[in-house]
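Novice: Keeping the supplied structure of chain A fixed, place chain B upon it in accordance with the hints.
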Amino acid sequence: MTKTFLNGRSGSRRRSFSKPTEDPLWLKLLLGGVAIAFIAILLLFPLALVFSEALAKGLTAFWTAIVEPDSLAAVRLSLLAAAIAVPLNTVFGIAAAWSIAKFDFPGKTFLVTLIDLPFSVSPVVAGLIYVLVFGAQGWFGHSLADHDIHILFALPGIVLATVFVTFPFVARELIPLMVDQGRDEEEAAATLGATGFQTFMRVTLPNIKWGLMYGILLCNARALGEFGAVSVVSGHIRGVTNTMPLHVQLLYDNYDYSGAFAVAALLAMLALLTLALKTLLEWRYADELAASHRR
Amino acid sequence: MSLTVDSVMKKFGRFPALNGASFVAPQGSFVSLLGPSGSGKTTLLRILGGLEFADSGAVRFADLNWLDMPARTRNAGFVFQQYALFKHMTVADNIAFGLKVRPRNRRPSSADITRRVTELLALVQLPGLEGRYPSQLSGGQRQRVALARALAIEPRMLLLDEPFGALDAKVRKELRADLRRIHDHAGVTTVFVTHDQEEAFAVADLVAVMKDGRIEQFGAPADVRRNPKTAFVSEFLSA
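In order, the protein sequence lines correspond to chains A and B. No gaps in the numbering here: position 196 of the first sequence is 196 in the numbering used here, and each next residue is one more. No gaps in the numbering here: position 43 of the second sequence is 43 in the numbering used here, and each next residue is one more.
The shape of chain A in the complex, shown without the other chains (with noise of 0.2 Å):
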């Protein structure tokens, strides 16, 4: 039986036919030039330029600048921000994304333009809403001034604006995650008896946990580099609310170039920082992410 099946095989000339999913070479290497092209010059040189640069007059000039007290002042500022507005945009995105995903209640379409506002309105703009709310002309900024609590150029008002412009990122990414995954495990669970925090704790959380942590990586890069609406709200008081992207723009509009990129480069390498852990935890826990997007 083999034999025969062998030579019948051997009798045919084998033809290639080109695969109908598949492209011509040389269409391949010109759409992939072609991409590797574009992010290098607007990804990679940059960003290699930003730490030439910063290294330009040697690494302890850099050392220099990055430990000089105003620079210091805008990195823990930055932290500071980031620290607050992170945590509190992750709990307002998954109350958002839970409420939005596995309930229906009128007014459902409304909530999710509101959570999409931050994305389509200007930082500045979203910045110049709380120097009206806030400020010293302000609906609120007599009383506020009376009982001495500074919201404007200090840190509430750095995070306030910090928290408006990155809210968006957890919940944008949890909701899509949590509608796909539906309501079933969470009605299989009320139905064994699990209370709603019990349902939430120990069947919603485990199966959002992947999109929650890349959401919370994005939005803490964007809460670090933050430079519109921020820097409305700040009043650029160097050393006292200047944030590092604020700080950057002072020393380059003084002409301190090297202080400028060494600062910069800072800023880039929490960025990049954010983007190794993410591919650290994706590598790490691939089974169980494999496992847990398969039915």
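Hint data in this document are derived by calculation from the structure and do not stem from the laboratory. Even for Gly, the Cβ is constructed at its ideal location relative to N, Cα and C. Where hints are given, some of them may not hold.
What the hints assert, rightly or not - With a straight-line Cα cutoff of 25 Å, these simulated DSS-like cross-link-like pairs (lysine-lysine) come out:
| no. | chain 1 | residue 1 | chain 2 | residue 2 |
| --- | --- | --- | --- | --- |
| 1 | A | 209 | B | 87 |
| 2 | A | 102 | A | 209 |
| 3 | B | 87 | B | 100 |
| 4 | B | 100 | A | 209 |
| 5 | B | 211 | A | 278 |
| 6 | A | 108 | B | 229 |
| 7 | B | 87 | A | 102 |
| 8 | B | 229 | B | 211 |
| 9 | A | 108 | A | 209 |
| 10 | B | 100 | A | 102 |
| 11 | A | 102 | B | 11 |
| 12 | B | 11 | B | 211 |
As the list claims (entries may be wrong) - Here are the computed distance ranges between Cβ atoms for each label pair:
| no. | chain 1 | residue 1 | chain 2 | residue 2 | range |
| --- | --- | --- | --- | --- | --- |
| 13 | A | 282 | B | 103 | 35 to 45 Å |
| 14 | B | 63 | A | 133 | 54 to 64 Å |
| 15 | A | 27 | B | 131 | 39 to 49 Å |
Specialist: Same frame as chain A, now just chain B:
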């Protein structure tokens, strides 16, 4: 002591999914809800399970006002068409879930839970699969795990929503026989939704033929087959 469903109504928007469904089944019986899609059988089942709320009507079961209780306290095991197993948990953790979420004073010890999981896996004929994840099981195996998970809470009522709909004919027949055996063994009241009349008649003590949110005929399989009350029932059964 019986399951009494009394003129249950439910609308989704303006579409009436249930239009006064009523039947009375003795406790411990096996009831099949049979009907074409859109006849309201899944809606009725989900109302019995507490996953959907009736607009009006009443359900009494085991001398309880069934519709006033949240799903959590009904102690009604639910088996879904698409299994709805917890993807991130092992088979053992899936089955043990209903026991582990109990308040501390009613929660069995972990040794008892392990023993119970082993028993249940033997009952659904999947011994030794404790450590697997749902994604590593076939469709038939997943549904057996889902059944074991629903039985773990020692339910008063077992509700199954087209549980074998996604499985092939041979597996369906095996599972059907096992389900009947498990029903008799556990002594629960079982309500089983299907659109497959052969399945409904083979497994149930009582069949409710549904149409447009109402129960067209309710009775023992043999009676319904011998005396179809309406043109719809006789047409549906001869199809």
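Novice: Hints first: check each against the structure and report whether it holds.
Specialist: These are the hints, each one checked on the structure:
1. Restraint check: the Cα-Cα separation between residue 209 (chain A) and residue 87 (chain B) comes to about 13 Å, which is no more than 25 Å; the hinted pair holds.
2. As the CA atoms of residue 102 (chain A) and residue 209 (chain A) are separated by approximately 16 Å, the hinted pair is consistent with the 25 Å bound.
3. A C-alpha spacing of about 17 Å is found between residue 87 (chain B) and residue 100 (chain B), which places the hinted pair at or below 25 Å, so the restraint holds.
4. Our distance criterion of 25 Å between C-alpha atoms is met by residue 100 (chain B) and residue 209 (chain A), whose separation comes to about 21 Å.
5. For the hint pairing residue 211 (chain B) with residue 278 (chain A), the CA-to-CA distance comes to about 53 Å; that exceeds 25 Å, so the pair is violated.
6. Our distance criterion of 25 Å between C-alpha atoms is broken by residue 108 (chain A) and residue 229 (chain B), whose separation comes to about 45 Å.
7. For the hint linking residue 87 (chain B) to residue 102 (chain A), the alpha-carbon distance of about 18 Å falls within 25 Å, and the restraint holds.
8. Among the hinted pairs, residue 229 (chain B) with residue 211 (chain B) is consistent with the structure: their alpha-carbon atoms are about 13 Å apart, no more than 25 Å.
9. Distance hint between residue 108 (chain A) and residue 209 (chain A) is fulfilled; the C-alpha atoms sit about 24 Å from each other, no more than 25 Å.
10. Only pairs whose Cα atoms come within 25 Å are accepted, and residue 100 (chain B) paired with residue 102 (chain A) is accepted, the gap being roughly 23 Å.
11. Straight-line distance between C-alpha atoms of residue 102 (chain A) and residue 11 (chain B) comes to about 20 Å, which keeps the hinted pair within the 25 Å bound.
12. With a CA separation close to 15 Å, the supplied pair residue 11 (chain B) and residue 211 (chain B) stays within the 25 Å bound.
13. Between residue 282 (chain A) and residue 103 (chain B) the Cβ separation comes to about 38 Å, which falls inside the hinted range of 35 to 45 Å.
14. Distance hint for residue 63 (chain B) and residue 133 (chain A): a CB-CB separation of about 59 Å, consistent with the stated range 54 to 64 Å.
15. In this structure, residue 27 (chain A) and residue 131 (chain B) meet the distance hint of 39 to 49 Å, their C-beta atoms being roughly 48 Å apart.
Taken one by one, the earlier hints fail for this structure at numbers 5, 6, listed in ascending order.
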